[in-house]
Amino acid sequence: MSTTTERPTITVPGSGIPKARPAKTRRRGELSPLGKALSHGALILASLIALFPVLWIVFISLGPDKTDYLHPGAILDKMTTSNYSTVLFDTDFFTWFGNAALVSGVTTVVGVLIAATTGYAVSRMRFPGHRPLMWSLLVTQMFPIAVLIVPMYTILSTLGLLDSYLGLILVYSTTTVPYCAWLLKGYFDTIPVEIDEAGRVDGLNPFGTFWRLVLPLARPGLAVAAFYSFLTAWAEVAFASTFMLSSDKYTLAVGLQTFVSEHDAQWNLMAATAVLIAIPSSLLFYLVQRHLVTGLTAGASKS
Amino acid sequence: MAVAVQGAPSKGSRDREPRPGLVERFKRSYSKHWYAYVMIAPVVLVLGVLVLYPLIEGIWLTLTDATSLNSARQIGVNKVPASYNFIGLHNYADILWGPGSYDRFWSHFVWTIAWTVLCVCLHYSLGLGLALLLNQKLRGRGAYRLLLILPWAVPTFVTVFSWRLMLSDGGAVNTVLGALHLPEPGWLDDPLGQKAAAILVNTWVGVPFMMISLLGGLQSIPAELYEAAEMDGATAWQQFRHVTLPGLRTVSSTVVLLGVIWTFNQFAVIFLLFGNGAPDAQLLVTWAYRLGFGQQPRDYAQSAAYGVILLSILIVFTSFYRRWLARNEQANG
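So the protein sequences, as listed, match chains A and B. The first sequence begins at 1 in full-length UniProt numbering and counts up by one. The second sequence begins at 1 in full-length UniProt numbering and counts up by one.
Please keep in mind that the hints were generated in silico from the structure rather than gathered at the bench. A hint or two may mislead.
[To be verified] Distance condition first, Cα-Cα at most 27 Å in a straight line; then the derived BS3-like pairs of lysine-lysine:
#1 A:K249 to B:K79
#2 A:K66 to A:K78
#3 B:K137 to A:K36
With the hints as constraints, model all of the structure from the sequences given.
Spelled out as structure tokens, the structure:
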């Protein structure tokens, strides 16, 4: 209530006169009209801040010239979708898109699957090497890209996986799997052990229990892990630009860089491509978003 | 087989039996735990080949003077063998107290620490604030939540690119500041502006994850606790202090740890915002990348040495942090 002092002239109807301790009569969790208005105000402001950069790039992408981002006002008069048609039909957009979709799709499926089996093993079974495994899953997330990228490059070239989809998929798996396994372990911990025991009584072996009973129950956790993996692989720049050498293997994030060279920065085309890239991940996000809260928190609450 | 599924996950110590010989132990452990080993095998294999081995190789590189000029490479059809030498700990000594080590290492070190502390504090406090707002009974809660997660859901390089356009000279941010007759800093040119811009963008990118995790934490606090507190006449602040914060302890400890690790190693934001410019705003991790890939000749050895130093800092931090958590847990029962 002390916040009202900052805007003394604005009185929200009904809140200006202090009713004798209204908090006593309201049900728990319900807000006074003033509290409601302030909450809405803060949330609207925060939502605008969250939304604005995303809308801004959509807006910029409609301006036909590469310097239009400096004069956004002028875009209103000459809005066009010409950037989109240029990107779609005069560049290798569809090749890049296909590559990125293939790489991130396979990374997601394979990564989530092996992260789930690991998470389940760590959650339910006590075996020698249990604690070291948990530790290494955590420590792996600390590895700065700079230590790994040169030796990874050497290994991939020894294995003949340089400039190949499989190589990139494996590299991405190493970045997504540790966190996903950690997250899923937390989620499996919230599923009662009695379910596993019931499965065992019915004659299922641990794989059957895992596959037929536990996995279906872990859907929110799996959805979040899948989304995280997809997003990581879909938008990764450093590994992709180091390991993918020929232009027909470029993923979107690498292809995007070709619009900006030292002589010429085609910001308008980059903006249009960026918007196109954001569409699939936003769709996926919309599909998983109702699972986000339960899925993410389970991964954080027990570890 | 019977022990493949045990009750009560996450119960720590096993009871220790007298240890038989190594081979025997391995055999027994295999027949007892082979389900578990099959399940973790793919991850262990991938991590072993693509993380553990490169790590060892990377650590070996730090003890040499490898650059792109003396490493094994292919010129046309000719294979040039590696010709770098073992030089011991010289790289570390050079980084930590060699000539110019202040500009090369310590200035980035201080900035990286300041960056991590500031960003994680901002992420956590803004995330907690928004989570508290979202945890109320409000109309349109779902819509707010959807919009607020957007910065996390749209690929980083799309949003950072948008910020780059907005922060450039004559971009949207400075136009607004100019219209309000406020100073217009050179966000992407001025050293201090660069740092402010980096923290601003990273805060924008990082808050949603904290918000969502903490929101889940808030929702898992039993309502009875609040009712009991209300019965005892606790004020809103007292409820927050004595019910909400303790209830969030486990979630907080994990997200703060992850936040520190991710922020400390935040590569994408700085790299996409400044590319190879802005020497002052480079974190240790982007600086290491630059030594290894952003210059000619590429200095692989020093780059990897920076990486090892980074990793050591994080491991030391994590073990202290976990010890501190464990002690707190004991103190609070």
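Tested hints:
Proximity of K249 (chain A) to K79 (chain B) is assessed by CA-CA distance (about 25 Å); at most 27 Å being required, the pair is judged to hold. The hinted pair formed by K66 (chain A) and K78 (chain A) meets the criterion: a straight-line CA distance of about 13 Å does not exceed 27 Å. As the CA atoms of K137 (chain B) and K36 (chain A) are separated by approximately 9 Å, the hinted pair is consistent with the 27 Å bound.
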